[in-house]
Amino acid sequence: MANGTENIAEYSGTEQALDPDKLSFRGITDKISGITERRTPPVWFVAFGAAFSLFLVLLGSIGYLIWEGVGIWGLNNPVGWGWAIINFVWWVGIGHAGTLISAILFLLRQRWRTSINRFAEAMTLFAILCALIFPGIHVGRIWVAYWMAPLPNQMSMWPNFRSPLLWDVFAVSTYFTASLLFWYTGLIPDLATFRDRAKKKIKKLIFGILSLGWRGGNRQWRHYELAYLILAGISTPLVLSVHSVVSTDFAVSILPGWHTTIFPPYFVAGAIFSGFAMVVTLTIIARKIFSLDHIITLDHLEKMNKIMLLTGMMVGYAYSIEFFIAWYSGNIYEQFAFLNRAFGNYSWAYWIMISCNVLIPQIFWVKRWRRAVPVMFVASIIINIGMWFERFVIVVTSLSRDFLPANWDYYRPTFWDISTFVGSFGLFFTLFLLFIRLLPMISMTEIKGVLPQADPYHHCPGGHNE
Amino acid sequence: MEFDKETYRVSGIGNPGRNPLIIGIAFLALSLVGYFIDSGQLFHSYLIAFTFWCTISLGGLFFVMIHYLTNATWSVVVRRIGENIMALLPVMAAFAIPILVGIGNLYHWSHSDMVQSDHLLKGKSPYLNTTFFIIRMVVYFAVWILLSRYLYKLSLRQDTEHHDYLLRKAAKASAPGMILFAVTITFFSFDLLMSLDAHWYSTIFGVYIFAGSFLSLLSFMTINIIFLRKRGILADTITLEHFRDLGKLIFAFLIFWGYMAFSQYFLIWYGNIPEETVWFLHRWDGSWKTISLILVFGHFVIPFFVLFPMEIKKNIPVMLVMSVWILIMHWIDIYWLVMPSFHSHGIHFSWMDLTTLAGIGGIFIWRFLRIAYSRPLVSVNDPRLESSIKIIS
Chain A
26 MANGTENIAE YSGTEQALDP DKLSFRGITD KISGITERRT PPVWFVAFGA
76 AFSLFLVLLG SIGYLIWEGV GIWGLNNPVG WGWAIINFVW WVGIGHAGTL
126 ISAILFLLRQ RWRTSINRFA EAMTLFAILC ALIFPGIHVG RIWVAYWMAP
176 LPNQMSMWPN FRSPLLWDVF AVSTYFTASL LFWYTGLIPD LATFRDRAKK
226 KIKKLIFGIL SLGWRGGNRQ WRHYELAYLI LAGISTPLVL SVHSVVSTDF
276 AVSILPGWHT TIFPPYFVAG AIFSGFAMVV TLTIIARKIF SLDHIITLDH
326 LEKMNKIMLL TGMMVGYAYS IEFFIAWYSG NIYEQFAFLN RAFGNYSWAY
376 WIMISCNVLI PQIFWVKRWR RAVPVMFVAS IIINIGMWFE RFVIVVTSLS
426 RDFLPANWDY YRPTFWDIST FVGSFGLFFT LFLLFIRLLP MISMTEIKGV
476 LPQADPYHHC PGGHNE
Chain B
1200 MEFDKETYRV SGIGNPGRNP LIIGIAFLAL SLVGYFIDSG QLFHSYLIAF
1250 TFWCTISLGG LFFVMIHYLT NATWSVVVRR IGENIMALLP VMAAFAIPIL
1300 VGIGNLYHWS HSDMVQSDHL LKGKSPYLNT TFFIIRMVVY FAVWILLSRY
1350 LYKLSLRQDT EHHDYLLRKA AKASAPGMIL FAVTITFFSF DLLMSLDAHW
1400 YSTIFGVYIF AGSFLSLLSF MTINIIFLRK RGILADTITL EHFRDLGKLI
1450 FAFLIFWGYM AFSQYFLIWY GNIPEETVWF LHRWDGSWKT ISLILVFGHF
1500 VIPFFVLFPM EIKKNIPVML VMSVWILIMH WIDIYWLVMP SFHSHGIHFS
1550 WMDLTTLAGI GGIFIWRFLR IAYSRPLVSV NDPRLESSIK IIS
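Top line first, the protein sequences correspond to chains A and B.
Residues in the first sequence are numbered consecutively from 26, following the numbering used here.
Residues in the second sequence are numbered consecutively from 1200, following the numbering used here.
Think of the hints as simulated: they come from the structure by calculation, not from any bench.
It is possible that part of the hints are untrue.
[Stated by the list, open to error] Coverage of chain B stretches by chain A, computed from C-beta distances (three or more under 8 Å per stretch; other residues unrestricted):
1) 1316-1330
2) 1395-1407
3) 1454-1463
4) 1468-1474
The model shown is predicted, which means the values in this text are computed figures rather than measured ones.
For glycine and all other residues, C-beta sits at the position ideal for the given N, C-alpha and C.
Just chain A, with the same shape it has in the complex (with noise of 0.2 Å):
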């Protein structure tokens, strides 16, 4: 885009990521719909196959642990959690950058969501579910996991409602269940479309069965406009309330480098920070694939990256802080605890993380890089490799590192945690190749209300343009 012009669409209110000259209604229906509507392409079947065997190996690990107990782990006496939380937390960090899409940037009125929400929002339920594995088959009798739940029972026996454990079981099921009637509200109209160019009867009938009847009349329109303001406003506090309570899980301990108070701000940009970077993986090897790049502009991919720039610049001041106030505490097992991370045993870590998430994303700064596909790619694996580490840094520093010296250990992974890890990595691809073979990958009406086409007072070219 020539200067002149870059400079009305950035000043003009008018700004769009989308370039109307290549869209239009029919054409992002056949787009989208083609995806699914084509033969299956040989590379899908190649990525299913690999996702899958994944998923295999992440059954195996599961089956292995419930056969043989948590002690296949490589847990020890003072790291007593290891990967399976930070596993947890990891994915269910990803989680966020979905709904913060869907919900916050809705309410914010960025139009700019409409290319990407669709697939962040299936991006985040498959990393829930990817998440609850974890804290599931961590509580060694898997066949008493249920005791999680708050089951009236003859015995008595409730779940301690204090531990942030228990919370973490609400929230996330909360979360999971808000997440998943949002993303299928959004979803009605586009499931409507396909179901009207089916051509099998039995495609027909499910896609009918889905869209729950849809006709696109008016006043059907008003409902569901409503209905997706209100789940958008009951998803917004959901993305900074769970991970919220994820970070009580460390911050109401007393563990020093776990007890610090700026825990539940800083686990909910890290989450944001992470969840983006994965968003942007998964968005440029999709418009790669599908040939999106005229959906899925440059535009977008620079403002994911802004935003990740600034979350990444809050968990680095949240790493500032806490080392600042370990020493201004004068409390010398806070101190202890900060100063192991840096250059303790776990040193490597700690700079891999404050590499990865810190400086790395500094890189964003410059705006050719911001819009240079491979950067952007390859920064946002690390991001997702740097905020693993910071879980991990947090995780097992502190533990194996406590109050008494004499229990002091050093905590390393057996196959079987990273057998489990990299398997969660299948079912998560799994079931997101599922989601782009079968359901629109890209919310066709949503695109559709942001193209200038759609606003009443536009003008056709070539007609009547003030």
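With chain A's structure known, arrange chain B on it following the hints.
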């Protein structure tokens, strides 16, 4: 009073802000008397008043920078008001001088004999000492004044020169400006408020102060817009749609404040470590308990339910009442942060609490009106001014 709808200028108002100026000077003079009666009380009251007004103008700086960074459209019509508020930071810098005079009265860590006998304070002395405190205060205000002046200058130039690149320059400055802002407001709140109880510490404290700061700015701004509107100024420019957007932001930051306050309280309560709980215990002692509860309900619960309905944010009388309410709560919040370290066993209101507040406030509002009325009330040549006026929230 004449308002020109083309230039957005107000003319024929004679001497704007004369009355606030008289009030300001009178009350500052009265406060000075307090120095000879009870200097400890005076400095504590003064610190509260200073923090109250200073956090409002800091909120203005944040508002302007976030406007540029998000490239927002709705806030174009109110940006100038934010700029006029941030332009008061030099005034606040002048008002910071009495705090430096009162360091001895305010902060235990400034007495070397106390530091010598206190192991913790000794450890903190590389940071908490008078010289470094003064240096830091100078640095904070230097950063804020430079940033706000630079941004204001670009905006005023844009009024006459029509160059969009000036706005882009402002956005470029706002990005590093935001980092500087985050760091300075954090340490500013550590120094000024948290170190009153130098043993106590909380990592979220800076964010907590920021939440109150931005919330009070939004309320101050809303009051100001309603004040103008009553006189028929900008009534077609800042529409009810903008009220709704402001109302939504106030609502959001009420929740944000509550979230910060709750995170701080809850984690300390649950951890139950004496060195942390002591701070809240002081604020639960005697009549301080009342203030703590007033904050819970007045600063969060009541305004939350009042501002919850969508349409209420377009109801100007309600918005006026709630904005004044929130400002009062903001003052109580700071009172609650500061005073328990002086009157540890219960509330002890003093006339100096009011004279210092009105004294600084008088000068603050006098400067504010002077600045506001000497320029267009809206950034007249902003390319998105039209779209901003027409926005539908």
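Consistency of the hints with the structure:
1. By the rule of at least three residues with a Cβ nearer than 8 Å to a Cβ of chain A, the coverage given for the region 1316-1330 of chain B holds, with 5 such residues.
2. Note: the region 1395-1407 of chain B has 8 residues with beta-carbon separation from chain A under 8 Å; the three-residue rule is met and the coverage holds.
3. Three residues within the 8 Å Cβ limit are the bar, and the region 1454-1463 of chain B against chain A gives 5, so the coverage statement holds.
4. With 5 residues having a Cβ less than 8 Å from any Cβ of chain A, the region 1468-1474 of chain B passes the three-residue criterion, so the hint holds.
Going down the numbered hints, you'll see the structure goes against none, and every one checks out.
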